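S.K.: Each chain, written out:
Number of protein chains: 2
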Amino acid sequence: MKGELFILSSPAGGGKTTIASLLIKEIPKLKRVITCTTRKPRPGEKDGVDYYFLSVDEFERRIRENRFLEYAVVHGNYYGTPKDEVEEELSKGYDLLLVIDVQGMRQIKKARPETVTIFLLPPSLDELVRRMEHRGDPPEEIEKRLQTAKKEIPAWREYDYTVINDILERAKEDVKYIILSNRLKTERFNPEKIKDNSLRELMGI
Amino acid sequence: MKGELFILSSPAGGGKTTIASLLIKEIPKLKRVITCTTRKPRPGEKDGVDYYFLSVDEFERRIRENRFLEYAVVHGNYYGTPKDEVEEELSKGYDLLLVIDVQGMRQIKKARPETVTIFLLPPSLDELVRRMEHRGDPPEEIEKRLQTAKKEIPAWREYDYTVINDILERAKEDVKYIILSNRLKTERFNPEKIKDNSLRELMGI
Chain A
1 MKGELFILSS PAGGGKTTIA SLLIKEIPKL KRVITCTTRK PRPGEKDGVD
51 YYFLSVDEFE RRIRENRFLE YAVVHGNYYG TPKDEVEEEL SKGYDLLLVI
101 DVQGMRQIKK ARPETVTIFL LPPSLDELVR RMEHRGDPPE EIEKRLQTAK
151 KEIPAWREYD YTVINDILER AKEDVKYIIL SNRLKTERFN PEKIKDNSLR
201 ELMGI
Chain B
206 MKGELFILSS PAGGGKTTIA SLLIKEIPKL KRVITCTTRK PRPGEKDGVD
256 YYFLSVDEFE RRIRENRFLE YAVVHGNYYG TPKDEVEEEL SKGYDLLLVI
306 DVQGMRQIKK ARPETVTIFL LPPSLDELVR RMEHRGDPPE EIEKRLQTAK
356 KEIPAWREYD YTVINDILER AKEDVKYIIL SNRLKTERFN PEKIKDNSLR
406 ELMGI
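The listed protein sequences correspond, in order, to chains A and B. In this text, residue positions in the first sequence follow this note's numbering: the first is 1, and each later residue adds one. In this text, residue positions in the second sequence follow this note's numbering: the first is 206, and each later residue adds one.
Quick caveat, the hints were computed from the structure, so don't treat them as lab data. This structure is a prediction, so every number in the text was calculated from the model and none was measured. Glycine included, each C-beta is placed from N, C-alpha and C at the ideal position. Keep in mind that a hint or two might mislead.
Ranges of calculated distance between the beta carbons of each label pair, as one might list FRET restraints [stated by the list, open to error]: (1) B/ASN395 / A/GLY44: 34 to 40 angstroms; (2) B/LEU351 / A/GLU127: 53 to 59 angstroms; (3) A/ARG188 / B/ARG393: 21 to 27 angstroms.
Extracted from the complex, chain A is given alone in its bound form (with noise of 0.2 angstroms):
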C-alpha cells in the first residue's frame, strides 16, 4: 500500500516546523521530507535532519538533472525537494510529511493532485511577530519574513485544509487527524489487516 504525501505550509513564525518535529514523532510510519537548501545553517540545524544544506553549484547541478519535484528561489537563497526520495518512501508505504511554501505547494500540487495540503494559519498578524521574535530571528529578517507572509496567507483558500495554530497542541492534534483520517480511506486500505479467510473471501481481498 503506497503512502501519501502531505504539505503543510504557514507564513514564517506560523509553526510549521514545531508541529511537524512533533508529528514525526507521534505517529508511526510518518516520516518528513528533508529539503535542499543553499542558505546557510541557523544555530543548532543539522544537515541531513533540518536540510541538506548545498552549495549553489550543486544545486544548480541537481535543478540540471531534473531531480527536484519543486525548486524555487526564496530571500535569495535556493530551495528544493528531492524527487527520487520522495517516490521511493512512499512506494515503501511510509507517509510523507513536507514543509515547504506556497510556492512549492502549487508546484507540486500540479504534478501530483491527490497530494494533501494544509495551511497553517496564526491567530494574528502580532502573534506572527511575537513568535519570530522570541525565536531570535533578527529584526531586518523580521520584516522581510512579515511582508512575505502577507504575501502568502491569501493562498490559504487553495489549500485543502486550514488549521489555526492557536494552542499548539490543539494545532497538532488537527493536523494528525487529517494524516490518521486519510489512512483510512478504502482506496488505501491493507488487506493484510485481515486475517479470516472467509472474511477475506467476502471481501474479495
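For chain A, the structure is supplied; the task is to place chain B on it using the hints.
M.R.: Using the frame of chain A, we list chain B on its own:
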C-alpha cells in the same frame, strides 16, 4: 457553516450502534440521526432515542408524503431516515451521524454525494456471531443476520472509509479522526474563528 452527514454502516454485531453512542457523547456539535422503524423495540430501546418506533400505517403515510431521505424493508420491517430533520440540523451547523445499512447508504450517497460514508468491518465472521450471542440475539435472528452480513460485507469498497472494529476504543478513535478532520477542510472554514482584523483582511474574509 453547514455541517456534514456521516454514514456509519456495519453488519449486525459490527459495533456501529456502540461506536455511534460513544462518539455522540465525545464530539461536540455531533448529533445522531434518529431513524424511523416499524420493528418492535428491543429490551431497553426507547422511542425517540434509539429509533422513532412507528406503526406500519404511519410509516406508509410518511412515505406518501415524501418525508424520507431513504427507506427500505429489512427482515419484513420498514426503516427510514427522516428528511426534514437532517436538512434542518445540517443547516444549523451540526455534523450528523447516521447508522444505516448498505441499501440506505446507496440511496443517500446518490442523492447527496458529499455524504461521508464509513464501513465498520469485524475482525472475523466468528467474532461477529460471538458479539450477537453476547448481546443476546435469539439464535434464529443470528443466523438471519449472518446471512445479511454476508450479503453486505462485499459492499465495503463502495464506502469512502473502512475501519476495522477489532478493539472498540481504537475503532472509535478512527471514526473520530474521520469526522474531526472533515471539519478542517478549507471549504468548511468558519471565518468567525479569526478575530484579528488585519489577518481577516489578508484572508479576504
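S.K.: Now, for every hint given, state plainly whether the structure supports it.
M.R.: Checked hints:
B/ASN395 and A/GLY44 have their C-beta atoms about 37 angstroms apart, which keeps the hinted 34 to 40 angstroms range intact. For B/LEU351 paired with A/GLU127, a C-beta distance near 57 angstroms keeps the hint of 53 to 59 angstroms intact. Taken as a hint, the range 21 to 27 angstroms holds for the pair A/ARG188 and B/ARG393, whose Cβ atoms sit roughly 22 angstroms apart.
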